Structure formats: structure tokens, C-alpha cells
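Protein chains in written order, with my numbering: chain A, 1180 to 1348; chain B, 69 to 264.
Derived by calculation from the structure, the hints in this document are not laboratory data.
If you're wondering where the values come from, they're calculated on a predicted model, not measured in any experiment.
Every residue, glycine too, gets a C-beta built ideally from N, C-alpha and C.
Treat the hints with care, as some may be off.
Distance windows between CB atoms, simulated [claimed, not checked]:
{"#": "1", "chain 1": "B", "residue 1": "Thr188", "chain 2": "A", "residue 2": "Gly1263", "range": "48 to 56 Å"}
{"#": "2", "chain 1": "A", "residue 1": "Gly1263", "chain 2": "B", "residue 2": "Gly184", "range": "46 to 54 Å"}
{"#": "3", "chain 1": "A", "residue 1": "Gly1247", "chain 2": "B", "residue 2": "Gly186", "range": "25 to 33 Å"}
{"#": "4", "chain 1": "B", "residue 1": "Thr244", "chain 2": "A", "residue 2": "Thr1333", "range": "30 to 38 Å"}
{"#": "5", "chain 1": "B", "residue 1": "Thr260", "chain 2": "A", "residue 2": "Asn1200", "range": "19 to 27 Å"}
{"#": "6", "chain 1": "A", "residue 1": "Asn1194", "chain 2": "B", "residue 2": "Met148", "range": "31 to 39 Å"}
{"#": "7", "chain 1": "A", "residue 1": "Thr1333", "chain 2": "B", "residue 2": "Met148", "range": "28 to 36 Å"}
{"#": "8", "chain 1": "A", "residue 1": "Asn1200", "chain 2": "B", "residue 2": "Lys162", "range": "23 to 31 Å"}
{"#": "9", "chain 1": "B", "residue 1": "Asp189", "chain 2": "A", "residue 2": "Asn1194", "range": "27 to 35 Å"}
{"#": "10", "chain 1": "A", "residue 1": "Ala1318", "chain 2": "B", "residue 2": "Gly186", "range": "40 to 48 Å"}
{"#": "11", "chain 1": "A", "residue 1": "Pro1190", "chain 2": "B", "residue 2": "Asn237", "range": "55 to 63 Å"}
{"#": "12", "chain 1": "A", "residue 1": "Met1220", "chain 2": "B", "residue 2": "Asp210", "range": "42 to 50 Å"}
Lysine-lysine pairs mimicking DSBU-like chemistry, simulated, CA-CA at most 35 Å apart [to be verified]:
{"#": "13", "chain 1": "B", "residue 1": "Lys82", "chain 2": "A", "residue 2": "Lys1197"}
{"#": "14", "chain 1": "B", "residue 1": "Lys109", "chain 2": "A", "residue 2": "Lys1198"}
{"#": "15", "chain 1": "B", "residue 1": "Lys159", "chain 2": "A", "residue 2": "Lys1249"}
{"#": "16", "chain 1": "B", "residue 1": "Lys159", "chain 2": "B", "residue 2": "Lys82"}
{"#": "17", "chain 1": "B", "residue 1": "Lys71", "chain 2": "A", "residue 2": "Lys1249"}
{"#": "18", "chain 1": "A", "residue 1": "Lys1198", "chain 2": "B", "residue 2": "Lys82"}
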Amino acid sequence: MTTHEAVLHPPALINELKKNNITHIVWLPDSETNFMYQMLMAEPSIDLVPVCREGETMAIAAGLWVGGKKPVVLIQNTGIFESGDSIRGLGLDINQPLVMLIGYRGWTRRGATPDSAAQFIEHILHAWNLNYYLIESDADADRIGLAIAEADRTQRPVGVLIGAEFGSE
Amino acid sequence: MIKNQDAVRVIDSKRNGALFVPTMNANNVHFGLPTVTTDQKHDLPVSGAMGKASSLALGLALAQPDKKVFCLDGDGSLLMNLGALVTMSNKAPKNLYHFLFNNGVYAVTGGQPIPGSGQTDWENMAKAAGYASVFSFDNLEDLTTSMDEVLASVGPVFIHLEVEPEVENTPVQFRTRPSRTVQQAFRELPETLGVR
């Protein structure tokens, strides 16, 4: 019997962001994506904008976008719950083509999860009628490009859930 | 104390191509920018996300480093997004001027006092958060005569204004709205800036 090792490595995600000309990542670090931090800090083509609370990210991204840049936000699913008014007022209401990379805390492919952050996140995205993609391994990284294309086409926020067992390199 | 619209007029008179991000009373038809602006196509009002004017202004300042960005914020708004003071000073945009209209009340909901009204030390909060320069004015004459000095300072600059609590106590759906909508401003500004 063979086992399937689904692993996501930072270069796969960062290369996809670079390929799509992303200029800024507006970020509050989370345990699902902290593996990207050092590599992003060393990446000269993408500016990192750290925030104190997740609801700031959509507003900062709106300012960057209206000023001609191409940002994404990167936060945990718990931060999405905190960000509702920003997603409504500075995402949906102004037609911002914003890709939200969302650390999927509590995600498991093996069935039920006890983590309410995982239990509610997809329901919340459905409630806002926000489409989203799921990334679990390097092979899925091109879904970021699909999400960016969809956001540009629809002029709406689009989610990318990062539900990975990640690697360290 | 300063009347809101008098302060807005003074700031607008010194804009010289600056981008404005006004919110709450600074974006009120009766008390704020919409009826006195001299360069509407460079105004980016925000009313739909509570407390986020300063964050929007930060993003705009980072995207347009060669233009001055003036955020016209409210004290109740900033309380909702207080971490933005640290986020702002951490990125330290040299072109960002953060005007705080301190009237001590939630003017758009009927004039109830904000938490800490009359006690909060906004100047020292901005200094402690790491703003490059901090000013405070409680009368129009000092604001008027000091604007050149304020705008000669390297950002991020925090300008605390003690303004009158002018309250529009009408249900939201019956209020006069600015003729230019937020959606319109977000569509038009990129064209004005030549970035889309």
C-alpha cells in the first residue's frame, strides 16, 4: 500500500503570487501559513504589510488597489469572522477584486473536526455568496491564479482556503 | 473649538493635488468635505466599513508614494480601529497626514459620548504608536497659520483637531447624501490617477 503525501511548500505559493504580479501581501500571521514568513520577507518583488487585526487588511488592500497596485490578503479563518464589515463595505460594496488567502484552521480530510473555526468558515463564505478554492498541496497552487482571474473577471472578493499539511522548505 | 467645515476648508485650501480620504462628519454634506471640496476627483470617501478610513488611506499612501494622502478621520471611528495607529507607524508612509476630528461624540448616531470622551490623550497615543510628527489644534487661527509647517513635516503625521460636536439627528435613510457616491469615487479615482 502506498501513502499519499499532500504537502504544500512556500515556494509553490510564492511563485504563484509572483507569476500573477501580486505587489503586496496584507497579512496577519497565522499558524497555517507561518511557514511562508521568512521567505516572503526575503522576496523583493512583494511588499509585506503587517496589520494588528484582520479587518484592517481589506481596507488597506482597497487603498492599494484603487491606487494601482495588486494586493492579496493572508489571514486565518478566525480573522474572516472578525472582518465581516470590511468584507461587506470595502470588498463587496466597492467591487474590489480581492483574493483572500485564508489559513484553514481545523481543516481535516479525515472527517469531522472539533474546531468551530473550521466548522463555520465555508458556511460564512457561502452566506456572502463568495466563491473559494481549496489548496492542500503544491499541485493545487495554481488555484491561486484561478482565484485571481476570477476576482478580476467578476470584480468581487474570492477566497483561497489553505488547508495544507505544509513542508518546511 | 473649531467648526468641522471650517477645518475641512483650511485643509482643502492646502491640498495642492493631495488625495483625501474623509469619513463620518468630515464626509457629511452639512459639516464636511462634499460641499466645499475644490478637487472632488481626488476625494475617496469611505462610509461603508466602520473605522477603516485610516487603513484605506494607508493602502493608498503606499500605492501612491509621490502624492500626499490626507485622512480625515473621526475619534469614534479611530477607536474602532485603534491598532491602525501601530500598523500605520510600522509602515511609516512619508506622504500620509492623519487628521483626527475629535468631537467627543458619535455624531452620526445622535451625539452619544464616545468611550473616554474628554479623557483620551490622542496626541500621546499617536506619539507612543510611533508617528513621525504630532500636532494639536483647538482653534482655527492656529490651524490656519500652522498648516504649512504641518505639511512640511515628513509622515506619517498625526494632526489632532478639537472640533465642535455637530450632530445630524435624522434617521439615516432620510439624510442628504453626497451627490458623488463611494462607488463612483472608487471607479473614478484610478482613472484620475492613470493607473487603470
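Going down the list of hints, with the structure as the test:
1. Thr188(B) <-> Gly1263(A): 48 to 56 Å: violated, 26 Å
2. Gly1263(A) <-> Gly184(B): 46 to 54 Å: violated, 25 Å
3. Gly1247(A) <-> Gly186(B): 25 to 33 Å: violated, 41 Å
4. Thr244(B) <-> Thr1333(A): 30 to 38 Å: holds, 33 Å
5. Thr260(B) <-> Asn1200(A): 19 to 27 Å: Given about 22 Å between the Cβ atoms, the range holds.
6. Asn1194(A) <-> Met148(B): 31 to 39 Å: holds, 37 Å
7. Thr1333(A) <-> Met148(B): 28 to 36 Å: holds, 29 Å
8. Asn1200(A) <-> Lys162(B): 23 to 31 Å: Holds: the Cβ-Cβ distance is about 25 Å, inside 23 to 31 Å.
9. Asp189(B) <-> Asn1194(A): 27 to 35 Å: Roughly 47 Å apart at Cβ, these two residues miss the hinted range, so it is violated.
10. Ala1318(A) <-> Gly186(B): 40 to 48 Å: violated, 59 Å
11. Pro1190(A) <-> Asn237(B): 55 to 63 Å: holds, 57 Å
12. Met1220(A) <-> Asp210(B): 42 to 50 Å: holds, 43 Å
13. Lys82(B) <-> Lys1197(A): violated, 39 Å
14. Lys109(B) <-> Lys1198(A): holds, 33 Å
15. Lys159(B) <-> Lys1249(A): The hint holds at about 18 Å.
16. Lys159(B) <-> Lys82(B): OK: lysine 159(B) and lysine 82(B) at ~25 Å, within 35 Å.
17. Lys71(B) <-> Lys1249(A): Cα-Cα ~39 Å, so violated.
18. Lys1198(A) <-> Lys82(B): Violated, because 41 Å separates the two Cα atoms, which is more than 35 Å.
Hints 1, 2, 3, 9, 10, 13, 17 and 18 from the list above are not met by this structure, while the remaining hints are.
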